[in-house]
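J.: Each chain, written out:
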Amino acid sequence: MRIPPRHTQKVAVALLGGATLLTLVVLFFIIFYVLKRGLPVVTGEFLLSDQEDMGRAGGIFPALVGTFILPLLAIAIALPLGVGTTVYLAEYTRENRMTRIIRFGIDCLAGIPSIIFGLFGFVFFTIMLQMGWSLLSGGLTLAIMVLPTIIRTSEEAIKAVPVSYREVSFSLGASRWETVWKVVLPNALPGIVTGVVLSIGRAIGETAAVIFTAGQAMQIPTSLFDSTRTMSVHFYILAREGISMKNAFGTAAVLVLLVLFVNIVAYWLMNRFIAKRS
Amino acid sequence: MAMEMTAGYIETAIKRGLQAIVAALIAFTSGCGRPKASITMAGSTAFEPFAVALSKEYKKIRPDVRITVQGGGSSLGIMTAMYGIAQIGMADLVKLPQEAVGLTATVVARDGIAMVVNVANPVTDITEAQVRDIFNGKLTNWRELGWEDHSITVVSREAGSGTRSSFEKLIGGIVLVKSALVQDSNGSIRETVINDKYSISYLSHGLINQEVRSLSLDGCECTAENIIGGKYKLSRPVFLLTKGEPAGIVKDFIDYMLSHESQEIIHKKGLLPAK
Amino acid sequence: MVERIVKWLLAITAFSALASLLLIALFVFKEGLPFILKTGLSDFLFSSHWDPSHGKFGILAMIVSSLAVTAGALLVGAPLGICGAIFLNEFMPVSVMRIIKPAIELLAGIPSVVFGFIGVTVLAPFIQHNFGGAGLSLLAASLILGIMILPTVISISVDALAAVPNSYRDGALALGATKWQSVHMVTLKAARSGILAGVILGMGRAIGETMAVIMVAGNSVQFPRSPLDSVRTLTSNIALEMNSAIGVHRQALFATGVVLFVVIMILNAIAGVAIRRKIRGK
Chain R
1 MRIPPRHTQK VAVALLGGAT LLTLVVLFFI IFYVLKRGLP VVTGEFLLSD QEDMGRAGGI
61 FPALVGTFIL PLLAIAIALP LGVGTTVYLA EYTRENRMTR IIRFGIDCLA GIPSIIFGLF
121 GFVFFTIMLQ MGWSLLSGGL TLAIMVLPTI IRTSEEAIKA VPVSYREVSF SLGASRWETV
181 WKVVLPNALP GIVTGVVLSI GRAIGETAAV IFTAGQAMQI PTSLFDSTRT MSVHFYILAR
241 EGISMKNAFG TAAVLVLLVL FVNIVAYWLM NRFIAKRS
Chain E
279 MAMEMTAGYI ETAIKRGLQA IVAALIAFTS GCGRPKASIT MAGSTAFEPF AVALSKEYKK
339 IRPDVRITVQ GGGSSLGIMT AMYGIAQIGM ADLVKLPQEA VGLTATVVAR DGIAMVVNVA
399 NPVTDITEAQ VRDIFNGKLT NWRELGWEDH SITVVSREAG SGTRSSFEKL IGGIVLVKSA
459 LVQDSNGSIR ETVINDKYSI SYLSHGLINQ EVRSLSLDGC ECTAENIIGG KYKLSRPVFL
519 LTKGEPAGIV KDFIDYMLSH ESQEIIHKKG LLPAK
Chain X
554 MVERIVKWLL AITAFSALAS LLLIALFVFK EGLPFILKTG LSDFLFSSHW DPSHGKFGIL
614 AMIVSSLAVT AGALLVGAPL GICGAIFLNE FMPVSVMRII KPAIELLAGI PSVVFGFIGV
674 TVLAPFIQHN FGGAGLSLLA ASLILGIMIL PTVISISVDA LAAVPNSYRD GALALGATKW
734 QSVHMVTLKA ARSGILAGVI LGMGRAIGET MAVIMVAGNS VQFPRSPLDS VRTLTSNIAL
794 EMNSAIGVHR QALFATGVVL FVVIMILNAI AGVAIRRKIR GK
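Protein chains in written order, with my numbering: chain R, 1 to 278; chain E, 279 to 553; chain X, 554 to 835.
Just so you know, these hints were derived from the structure itself, not from any lab.
There could be a bad hint or two in this list.
[Said to hold, decoys possible] 27 Å max Cα-Cα, derived DSS-like pairs, lysine-lysine:
no. : chain 1 : residue 1 : chain 2 : residue 2
1   : E       : K521      : E       : K337
2   : R       : K10       : X       : K654
3   : R       : K246      : E       : K334
4   : E       : K447      : E       : K509
5   : X       : K609      : R       : K10
6   : R       : K10       : X       : K742
7   : E       : K373      : X       : K609
8   : E       : K529      : E       : K338
9   : E       : K546      : R       : K246
10  : E       : K416      : E       : K511
11  : E       : K334      : E       : K546
12  : E       : K447      : X       : K609
13  : X       : K560      : R       : K159
14  : E       : K416      : X       : K609
15  : R       : K246      : E       : K416
16  : E       : K456      : X       : K609
17  : E       : K529      : E       : K337
18  : R       : K36       : R       : K246
19  : X       : K742      : X       : K732
20  : E       : K338      : E       : K511
21  : E       : K511      : E       : K475
22  : R       : K182      : X       : K732
23  : E       : K511      : E       : K373
24  : X       : K654      : R       : K36
25  : X       : K654      : R       : K159
26  : R       : K246      : E       : K475
27  : E       : K546      : E       : K511
[What the hints assert, rightly or not] Here are some chain E residues the structure puts well away from chain X; computed CB gaps all over 12 Å:
no. : residue
28  : S316
29  : L374
30  : L423
31  : G424
32  : G438
33  : G450
34  : D496
35  : K511
36  : G526
37  : H545
38  : G548
Positions of the beta carbon are idealized from the N, C-alpha and C atoms, including for glycine.
If we strip away everything but chain R, and leave its shape as in the complex, we get:
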C-alpha cells in the first residue's frame, strides 16, 4: 500500500524538527553550562588581579592583557600587508591566471590546521630567529594565520565598490591612488573592518599556535620579547592540569563572552555593509 505523501511529510518534518532541536539544544547547552558555572566566578577582582599559586587562586588579569595585545599585534602586522596586497591586486593589476593561482593559494592557506602554524612559528620564529617565546613570535605567527582572512574580506569589500564610483573619480581628474585612498577604501571600510574583527575573534580563540610561540608565562608583557599568556592558553592549562575548576570555568566564561561579543560586532558590521551596498 502506498503511503500517502501527506503522511511521509509529517514524519519527515517531525524527524527534521527533532534533529534541529537536538542540534540547538546541544550547542546552546554548552554555552549555558560554561556561563552558568563560570559567571559566578567572574568578579571585578577576578578580572583585575594577578594569579596566585599557579592559577589556583587569584585572577586572570595578565591573561586578559595578553588576550588583548597579541591579536592586536597580529592585526597591526596583517592589516597593512593584507589590504595593501588586495589593493594592488584589485586596482593595479588585471584579473588573470596569476591572480587566480594566488587566490587558490590563499584559500589553501586559510585551511591549514593551526598546529602547523604553531610548528612553523616555533621552529622558525622562536628557535631559528632566536625570538624565544615572545609577543613578537606569537604576533608574527598569528599575523600569517589571519592574513588570508584579511585578504579575502578586503577583496570582497573592494570589489563590491561599484565601478562607477571609480569612473566618476577618474573623470574628475583624480589619480589612481587618490581614487583608491579617497573613494574605494572608505567605501570598502565596513567590509574590511568586518574581516579585521573576524580575525581578532579567531586569534582570541587560538591556542595551539599561541602556546608554542608566545609561551605560557603568566605576566603582563612589557616588551615585544616578553612571553605572555592568552586566556585560551590559560584556560587550557588550568583545565588539563586540574589546577582549579572554579577558575577554569571563570576563564572560560570570560573567553566565551569575549568571543561572542567580537562576533556580534562583526555580524552587525557585515549587516551594515550589506545594507549599504543594496
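Let chain R serve as the given structure and place chains E and X on it in line with the hints.
T.: Below, chains E and X alone, put in the same frame as chain R:
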C-alpha cells in the same frame, strides 16, 4: 545621511584605534632589544611549579629581574638551553643524554616517582615486576592485583618527558603498551587518574595531592625519607642546565635556588632538597 | 610621480604578504620532503611503527585515526547539520531564521579548548560509565568534533538552500507535490553542491583540529578497533611531540605537516569544483 555619519564615526574610530596601536607598539619597542635582566626557564613539568614559586620569592629580593617559566618537558628544557632560548633548562632525568653533554648541569632538587591510582582503588602495594608487566601490556586486569575484574587503564607521558624516561629506565625493560593513554604533563596525568577509577600511572612525588593515592613499591612507601635514604627505587635528580658556566643574573638566581631558604621552600612543597 | 612610488610600495607590500604565506608552505615542505624522500613514502605512510627513539616513523596508525575521527565527526555533524538547515530554511518562517542563523554562526567562534573541556568533564565520564573503556576515546573525539562543525555545516547549507530560486519550489508545488516532496526531490538536488561544499569545509575543520582532540581522544598510538579505543591523530601527534623533537624526529613532524597540507589542498580543490559547478548553474 545617517549612514554617512556613522561611516564617518567608524572611520574616526578606526583612525584613533590605529593611532593607539601604533603608540602602544612604539612604547613597547622602546623597551626593545632583549631586556637585560630577564631569565627564561623551560622544561621539566615536575619542577615547573617549584620554579614558579621560587621565582616569585626571588622577585621580592631582586624586583629588577624578570623570570618566566615555561613547561614543555625535560627534552624541551635540554633543547632550548642548547639553543639559548632558555637561559636555564630544567630536566628531571636519571642521567643526562648525549645531547646535553655540552651543558653545565646543577642539581637543584631530588624527586621521587610514585605509582599512583585512583582513590577508589583498594590496592596499596605493587611489585616492580607487576609495574613492568602492566606497562608492557602483559598484566591487563585489576583482578590479578586483588581487585575487581576490570581492565587496567594505563596512562603515560609523552615521549619527551623526563619523568617518563626516568621511569622507564629505572624499571627497565618497558616497551609501552600501544593502548596506553598519553598525557602531556604531570598535572594532566594526575587529572586523568583522578577521573578514571581503573587507571594507573606514574607521577612526580612533588605533585601528589589527596586526590590520588600513591602505591608503595615492593613494600617501600614513596616518602621523602625513603627517597633521601635511597630505599625507594624510583628517584632522580632535577637538573638546571645552562650553556656554559652560569654567570651574572643566572648564577645569582641558581645560587638563590640552592640556598637554604629556597631548599626549605622546595621541601615544604613536596620536592626533595638537593643534598 | 607619487603614483609610481605608491604603485611600487603596494607591489612590495603585496609581494611581502604573498612571500610570507609562501614562506610557511615552503618551510614545511623544505623540512618535510627530504625526510619523506630519505625514509621512503611507503615506510612513512604505510607503517604503523612509530618509535622516534629507535628511528621508526610510521604514521599509518595516526592517518587511520585522523580519518576515523573525521569520519565520525561527519557522521554526527553532517546529517544533523543538513537536517537542521533543511528544517530551518524550508519549514520555518524567515523571521525565525533571522534570529537562529546568526546565533548558530556565533557558536562557530567558540574556542576549541572550551569544547574539549566539555568533552573531558561531561562526555568522557559519560562514555566511561555507560559504554566502558577509558572515556577518552575515538567516540568522544568524534562527538565533540561533530558538534564543533555543526555551525559551519548548518550555515553553509542554509546559504545553499536559500540560493535555490523559489521558482523551483513553486514549480514542484504547482505540479501537486507536497512541501516535503518538493524539498527532497527538487530543492535538495539543486542545492547539492553547496551543501557538499559546506560538509567539505566542516571536514577540513575536523581534520585540522588539535586542542579539543588532544583533550578527549586519549592519544595512544594504535589502530582503533572500536570507537571506545584511545587514538592519536596526525595533528595531536605534532602537538605532543613538537617540544621534544630534534633532527630527524622534527623532520618527521614537518613531513606529517606536508601530508596534512596535501590533504587540505585536495579537499579545497574538490570544494572549489563543487562550488563552481553550482555557480555555473544547474
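J.: Now, for every hint given, state plainly whether the structure supports it.
T.: So, going through the hints one by one against the coordinates:
no., hint, verdict
1, E/K521 with E/K337, "23 Å, holds"
2, R/K10 with X/K654, "24 Å, holds"
3, R/K246 with E/K334, "23 Å, holds"
4, E/K447 with E/K509, "17 Å, holds"
5, X/K609 with R/K10, "57 Å, violated"
6, R/K10 with X/K742, "21 Å, holds"
7, E/K373 with X/K609, "23 Å, holds"
8, E/K529 with E/K338, "17 Å, holds"
9, E/K546 with R/K246, "25 Å, holds"
10, E/K416 with E/K511, "22 Å, holds"
11, E/K334 with E/K546, "16 Å, holds"
12, E/K447 with X/K609, "20 Å, holds"
13, X/K560 with R/K159, "19 Å, holds"
14, E/K416 with X/K609, "23 Å, holds"
15, R/K246 with E/K416, "40 Å, violated"
16, E/K456 with X/K609, "15 Å, holds"
17, E/K529 with E/K337, "15 Å, holds"
18, R/K36 with R/K246, "11 Å, holds"
19, X/K742 with X/K732, "14 Å, holds"
20, E/K338 with E/K511, "37 Å, violated"
21, E/K511 with E/K475, "26 Å, holds"
22, R/K182 with X/K732, "51 Å, violated"
23, E/K511 with E/K373, "15 Å, holds"
24, X/K654 with R/K36, "23 Å, holds"
25, X/K654 with R/K159, "26 Å, holds"
26, R/K246 with E/K475, "23 Å, holds"
27, E/K546 with E/K511, "22 Å, holds"
28, S316, "21 Å, holds"
29, L374, "14 Å, holds"
30, L423, "18 Å, holds"
31, G424, "21 Å, holds"
32, G438, "2 Å, violated"
33, G450, "15 Å, holds"
34, D496, "27 Å, holds"
35, K511, "23 Å, holds"
36, G526, "27 Å, holds"
37, H545, "29 Å, holds"
38, G548, "24 Å, holds"
The structure does not agree with the numbered hints 5, 15, 20, 22 and 32 stated previously, though it agrees with the rest.
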